[in-house]
Amino acid sequence: MSIVPAPISALPWRVIGLLTAIAFFGCVVLYSSAGGSITPWAINQAVRFAIFMAMALTIARIPVQLMSTLAFPAYIAVLVSLVLVELIGGVAGGSQRWINLGFMQLQPSEFMKPVIVLAVAQFYARLPVGELRRWSAIWPALVLIGLPWALVLVQPDLGTATMILAGGVTVMFLAGLPLRLFIGTGIAGAAIIPVAFSFLHEYQQKRVLIFMDPESDPLGAGYHISQSKIAIGSGGIFGKGFLNGTQSHLDYLPEGHTDFVFATMAEEWGLVGGICLIAAFMLVFRWGIRVALRTEDKFARLAAAGLTTTIFFYLAINLMMVMGLAPVVGIPLPFMSYGGSSMLTVMLCIGMIMAIDRSRRQTRSNWG
Amino acid sequence: MKFQKPTRKTVTEASQSFSFTRRAMVLGGIQGGIGLLLATRMAWISVAENEKYQLLSESNRVNLTLIPPRRGWIIDRHGRPLANNRTDFRVDIIPDRLRDPRGTVATLARLLDLPADEVERIEGDLGKAHGFQPVQVAESLTYDQFAAISVRLPEMPGVAPTQGFSRFYPGGATVGHLLGYVGTASAKDYEENKNPLLITPGYKLGKDGLEKSFDRQLTGKPGAKRVEVTARGKVVRELTTRPDEPGHTVQLTIDAGLQEYAGRRLATQSGSVVVIDCKNGDVLAMASMPSFDPNSFSDGISQLEWDMLSQDDHVPLRNKTLKGLYPPGSTVKPMVALALLETGISPNDSVNCSGAIRVGNTLFHCHKRRGHGSVNMERAIAQSCDIYFYQMAQRVGMDVIADMARRLGMGQKFEMPFPSQSYGTVPDPAWKLKKYKEKWQVYDTVNATIGQGYMLINPIQMAVMAARLASGKMLTPHFIMDKKRPDAPSIQVRPDHLTIIHEAMSAVVNGGGTGGAARMQVPDVLLAGKTGTAQVRRITMAERAGGVRRDASLPFKLRDHSLFQGFAPYDNPRYAVACILEHGGHLIRAQDAGPIASDTLSFLFDPKKAMEKLETLEAEWGGTPTQRMAAQMAAFRASKGLETTLTPEEMDAANATVATVANVMAQTDNAAAEQPD
Numbered sequence: 001m002s003i004v005p006a007p008i009s010a011l012p013w014r015v016i017g018l019l020t021a022i023a024f025f026g027c028v029v030l031y032s033s034a035g036g037s038i039t040p041w042a043i044n045q046a047v048r049f050a051i052f053m054a055m056a057l058t059i060a061r062i063p064v065q066l067m068s069t070l071a072f073p074a075y076i077a078v079l080v081s082l083v084l085v086e087l088i089g090g091v092a093g094g095s096q097r098w099i100n101l102g103f104m105q106l107q108p109s110e111f112m113k114p115v116i117v118l119a120v121a122q123f124y125a126r127l128p129v130g131e132l133r134r135w136s137a138i139w140p141a142l143v144l145i146g147l148p149w150a151l152v153l154v155q156p157d158l159g160t161a162t163m164i165l166a167g168g169v170t171v172m173f174l175a176g177l178p179l180r181l182f183i184g185t186g187i188a189g190a191a192i193i194p195v196a197f198s199f200l201h202e203y204q205q206k207r208v209l210i211f212m213d214p215e216s217d218p219l220g221a222g223y224h225i226s227q228s229k230i231a232i233g234s235g236g237i238f239g240k241g242f243l244n245g246t247q248s249h250l251d252y253l254p255e256g257h258t259d260f261v262f263a264t265m266a267e268e269w270g271l272v273g274g275i276c277l278i279a280a281f282m283l284v285f286r287w288g289i290r291v292a293l294r295t296e297d298k299f300a301r302l303a304a305a306g307l308t309t310t311i312f313f314y315l316a317i318n319l320m321m322v323m324g325l326a327p328v329v330g331i332p333l334p335f336m337s338y339g340g341s342s343m344l345t346v347m348l349c350i351g352m353i354m355a356i357d358r359s360r361r362q363t364r365s366n367w368g
Numbered sequence: 001m002k003f004q005k006p007t008r009k010t011v012t013e014a015s016q017s018f019s020f021t022r023r024a025m026v027l028g029g030i031q032g033g034i035g036l037l038l039a040t041r042m043a044w045i046s047v048a049e050n051e052k053y054q055l056l057s058e059s060n061r062v063n064l065t066l067i068p069p070r071r072g073w074i075i076d077r078h079g080r081p082l083a084n085n086r087t088d089f090r091v092d093i094i095p096d097r098l099r100d101p102r103g104t105v106a107t108l109a110r111l112l113d114l115p116a117d118e119v120e121r122i123e124g125d126l127g128k129a130h131g132f133q134p135v136q137v138a139e140s141l142t143y144d145q146f147a148a149i150s151v152r153l154p155e156m157p158g159v160a161p162t163q164g165f166s167r168f169y170p171g172g173a174t175v176g177h178l179l180g181y182v183g184t185a186s187a188k189d190y191e192e193n194k195n196p197l198l199i200t201p202g203y204k205l206g207k208d209g210l211e212k213s214f215d216r217q218l219t220g221k222p223g224a225k226r227v228e229v230t231a232r233g234k235v236v237r238e239l240t241t242r243p244d245e246p247g248h249t250v251q252l253t254i255d256a257g258l259q260e261y262a263g264r265r266l267a268t269q270s271g272s273v274v275v276i277d278c279k280n281g282d283v284l285a286m287a288s289m290p291s292f293d294p295n296s297f298s299d300g301i302s303q304l305e306w307d308m309l310s311q312d313d314h315v316p317l318r319n320k321t322l323k324g325l326y327p328p329g330s331t332v333k334p335m336v337a338l339a340l341l342e343t344g345i346s347p348n349d350s351v352n353c354s355g356a357i358r359v360g361n362t363l364f365h366c367h368k369r370r371g372h373g374s375v376n377m378e379r380a381i382a383q384s385c386d387i388y389f390y391q392m393a394q395r396v397g398m399d400v401i402a403d404m405a406r407r408l409g410m411g412q413k414f415e416m417p418f419p420s421q422s423y424g425t426v427p428d429p430a431w432k433l434k435k436y437k438e439k440w441q442v443y444d445t446v447n448a449t450i451g452q453g454y455m456l457i458n459p460i461q462m463a464v465m466a467a468r469l470a471s472g473k474m475l476t477p478h479f480i481m482d483k484k485r486p487d488a489p490s491i492q493v494r495p496d497h498l499t500i501i502h503e504a505m506s507a508v509v510n511g512g513g514t515g516g517a518a519r520m521q522v523p524d525v526l527l528a529g530k531t532g533t534a535q536v537r538r539i540t541m542a543e544r545a546g547g548v549r550r551d552a553s554l555p556f557k558l559r560d561h562s563l564f565q566g567f568a569p570y571d572n573p574r575y576a577v578a579c580i581l582e583h584g585g586h587l588i589r590a591q592d593a594g595p596i597a598s599d600t601l602s603f604l605f606d607p608k609k610a611m612e613k614l615e616t617l618e619a620e621w622g623g624t625p626t627q628r629m630a631a632q633m634a635a636f637r638a639s640k641g642l643e644t645t646l647t648p649e650e651m652d653a654a655n656a657t658v659a660t661v662a663n664v665m666a667q668t669d670n671a672a673a674e675q676p677d
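Protein chains in written order, with this note's numbering: chain H, 1 to 368; chain U, 1 to 677.
Chain H with its partners taken away, still in its complex shape (with noise of 0.2 angstroms):
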């Protein structure tokens, strides 16, 4: 027994720490991407990392029963905000995302992340295992997932979409359906690409490339990508040193502090910098997915896996997006980024696989 009190002592403090290291070096590069000032961004951030590390601990103490009980009541509750704003939308005559409290704006879209992992996840909970390799384990999911992602592909936020259906579909091959199903699905995808593209109009056509490969116009949708390649590329090994980068402080990189943050810390941090922080979100993965793998309870290790790599999705499509790799979609990089909306849906993922790490811990203290 040492003398810090034992619910303290019982934090996962190796994931806390790890998280606010990658968040404090978050601060620090919004505040040179501020041209070196705290203010509006780094101390906005930092208060709000606080506050959401403080939920995602509190989080961190519910029971995985309650969270497996509450699954599908939220993804209702969220599928009807996306309905919701959709209808406000319409009436307002545009596009629409939010959802006005009055206090604060609401973005369902986000809250489905996290949500139809848990809501896939609890499908294939309560499936009986002999369902497993029969149509009905599959059309019930495909519905969860298909419902949501198509009201968020019309808003139209496709970065969010991909990451409903990657996080649903993700659940599903975690689930154990067949190995066929999911490579079958690939190489037919693969296959009618081509064929429906040559259907296209030649307008559509030359669309769909510039979206797919937005360098080939330079001055329209590939200014974002150019000048975040060229900020990483400048960056070079070392980088241009804290305060220093160019494209950044004098506007050259278009939302360099909200989803090319990561543009701005390569230029002045390098790929050095870069490793860093990919490695530091590396052992966070790695971190989720032990506590999937050591979980016994099926709900809780499959949702464990799915938050954790959803979490990951947002890393991967972000950074493939500033390296050029993905076309621009707006998905901001988890604790860097700028941005309420996206560290609380992090937060709320953090939170529950440390709930899920919680209860494992304690049933085995239970039972040992």
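If you're looking for bench data, these hints aren't it; they were derived computationally from the structure.
Don't take every hint at face value.
Going by beta-carbon spacing under 10 angstroms, a handful of chain U positions derived as facing chain H [unchecked claim]:
| hint | residue |
| --- | --- |
| 1 | Ser15 |
| 2 | Gln16 |
| 3 | Gln31 |
| 4 | Ile34 |
| 5 | Ala39 |
| 6 | Met42 |
| 7 | Thr230 |
| 8 | Val236 |
| 9 | Leu239 |
| 10 | Thr240 |
Restricting the straight-line Cα-Cα distance to at most 20 angstroms, the calculated cross-link-like pairs of lysine to any residue (SDA-like) are [claimed, not checked]:
| hint | chain 1 | residue 1 | chain 2 | residue 2 |
| --- | --- | --- | --- | --- |
| 11 | U | Lys234 | H | Ile16 |
| 12 | U | Lys194 | U | Lys234 |
| 13 | U | Lys52 | H | Ser216 |
| 14 | U | Lys439 | U | Pro495 |
| 15 | U | Lys234 | H | Ala34 |
| 16 | U | Lys52 | H | Asn244 |
Beta carbons are placed, not taken as given, at the ideal position from N, Cα and C, and that holds for glycine.
Position chain U relative to chain H; hints supplied.
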């Protein structure tokens, strides 16, 4: 594989758990793999392609502004400037930095008093422009205008007042055709040569004349200013500035004073004067008037001014010294006489001039209807007797005359630093056969001996002919001072023959000949020369019978050309001159080719006296060419119903000037044609 088989049929809790573990690990592995891939991608961009992106980042950050090089001067033989650079205040707009295009342009228009068409031009340019490529608002501003804009800069982001240089020609219109002018590069220039300097505001290139021919030497190396700018174009700080290197100076053989004098002395006539140094062929003056003012051309000429110039029947846009081709008229008679001497005809051989001679079935008249009586060579030249040459030429034939014409530079294309030139023709039987597939006729010879028919000459060729007659050397025109001018070979004419011609040409001016009006005002300097009249219309049979209509009664375009070629001093030739007046018609004595040539040469001997005479004359003509052009412009604007920038008093003065010029011209209608030849 061992576990795969049973799971296919029935999935148990244990197998599902096992499959989860395996798949979660695969998922973790994929995540790690993608992480590694992203790290590799980043390493590729930041290490392998680092140099490329560093360059791009630098070109983002650093904005290079070219400083147009100062253009080299063009100086005359004494080092006086013919074209130099004046400090110029100008204003441009940097489109990228502009926040309120309409408001800014409106403010500038108000501050600078810009006319509506200019505002339209600026807005059009702004619509086409993008980035940092500046759009010109105005140049040649006064210091007050420049200051007025400079103090308002904080309210007008994107407006860039700069201090630059603009081309200045002290000689104004008198050097227009000689030097040409400079102007901004055309879109075509930029298409051909994507040099960013071409679209830098303030950069001008030679557009015509010597400015164009020597553009390479005159253009210096541009300077550059490197500034750090934000994406919105805000200058953060200045990095380095490299000053421009001015272009080389070009020294001409032209005498600036003489050039200006010649231009002014051409008065209201449409004509040209060329003066050549008889020692080495240096061209001392080459004036073509009326002309455009290269100063206003270099600032960008207005559509109105262009209209005025192109509608003028005195063709101010044509360089008459190089592009004008005229029948030489009687000015070829000394040349023909020289050819006669070479074939052995004695200067004392006489011909009886009865006023007309029948060649074939046509009656050819002498300009003097009553006839000259008995004429020898000297009298024939001095009195410009046509009958003498008609008869003598028939004796020797065209070939010897054509040969002499060519030796004297007629029909020859000289190597001159001008973009283009037209050169005259020396017809002979072979030429006619080739060109028209017709046989040479006797009347062709007759026509050619008095410089009519197919024979054509341009003013510079006529000056060369005068210089070769004067010096007996194969002089060619030179324009560049530093070029080594080799001694010209002889034209292979016996000196005593030349002396006979010189004496006869002196008699034209000083011995009661047709050129008496051209007698030099300078004591002890005798001018030798030959007058000429070139018909531009066919004389009708009715006129042949009833008398040729007088020029005064003819419209301008049908009047005869008036020509004069000569040299001074006659006994020791130093300078040769040629003057051709289009449709001059010998109508105004002071503005005839002879007196203009004579006064121009007198400037070389006694500049003060020549200048006094010119100033007295100009008072009658309505001022200097610049004043007359300004008046003409004002009247033209008024006639188009446009507002003028002149005050009412200035407008009255302008009208008065135009009236004076018109009067001078009108006198011609009443004047008698005193000197037909």
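Query raised in the report: Against which earlier hints does the structure fall short, listed by number upward?
Result: 9, 10, 11, 12 and 14
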